[in-house]
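Work out the full structure: start from the sequences and follow the hints.
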Amino acid sequence: MKLTASFKRGVAQAKREWRAARYDRALAVVSRLLEDWPDNPQLLTMWGALVQLQSTDTAATLDEAKASLERAVELGEDSPEAWKELGHFLSAVEDDAQGASRCFDKAVALCKGTLAEALLAKADSLSELGRRDEALACLAEAYWLRAHNGKPAGAAGAEILDRLKDLARTE
Amino acid sequence: MGIDDRPADELIPGSLKRSRSYHGDYGNKTYGEIKHLAASNPPDPKARQMKKLIEQAERLQGKERKRGT
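In the order they appear, the protein sequences are chains A and B.
Residue numbers for the first sequence follow my numbering, beginning at 1 and rising by one.
Residue numbers for the second sequence follow my numbering, beginning at 172 and rising by one.
No lab work stands behind these hints: they were computed from the structure.
Every residue, glycine too, gets a C-beta built ideally from N, C-alpha and C.
Every clue listed holds true.
Simulated crosslink set (EDC-like; lysine to aspartate or glutamate; CA at most 16 Å straight-line): (1) Lys-234(B) <-> Glu-81(A); (2) Lys-112(A) <-> Glu-141(A); (3) Lys-188(B) <-> Glu-64(A); (4) Lys-188(B) <-> Glu-94(A).
Quick list of simulated restraints, FRET-style, between CB atoms: (5) Ser-31(A) <-> Met-172(B): 30 to 38 Å; (6) Gly-185(B) <-> Glu-70(A): 18 to 26 Å; (7) Trp-37(A) <-> Asn-212(B): 44 to 52 Å.
Structure (structure tokens):
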């Protein structure tokens with residue numbers, strides 16, 4: 001519990017420094033946190049981003065920033081934030097539009113997946129509350145997301161359609 | 172002075188100047204000039220790369236500010 005509190009305090013401090021444009025101090029805070037949590041994707045992503053904002057030549061290299069973002073993606077495969085940051089790095093720093101596009105695809109797919117799951121769960125809650133029309137809207141949006149997520153809606157899509165039909169039948 | 176009137180060298184942090192996309196000979200051009208060159212036909216490849224570096228720096232600088240509001 002103490003560790004979690006210290007992690008949260010540290011991240012909040014780094015974000016305060018970042019907002020105040022003290023990027024060197026923000027980087028120092030994140031570097032310290034990484035000593036205790038070396039495999040934390042959020043910290044690795046922040047570190048990779050902050051290295052790019054350093055004004056001095058003594059800071060870590062861009063290769064190290066990229067390695068940190070790649071490690072964040074590897075460890076937090078389901079984190080759209082890490083994929084998005086790596087995509088921005090590849091696009092802006094390495095002028096690699098193809099690599100960037102692959103990263104953004106992954107970030108978009110992860111976001112859509114999470115959004116679809118949240119919409120399905122919300123549809124259940126709304127249905128329980130008797131808010132049928134809103135529940136139907138959530139199911140329809142979830143179905144659309146699943147169908148437009150780069151792969152066939154498949155069994156999951158069929159299940160959503162069944163739920164839509166069931167709900168549409170109820171008064 | 173708006174961002175469009177500021178020279179690229181003021182907008183790109185030192186660490187991003189080590190990128191292969193940074194071109195020192197465009198460092199004195201303003202962001203507005205760089206945007207214009209990047210949008211020309213055919214586009215100026217150096218301007219296009221410099222524009223992306225400037226926008227990356229702006230995005231990263233504003234990232235936590237935006238979330239904090």
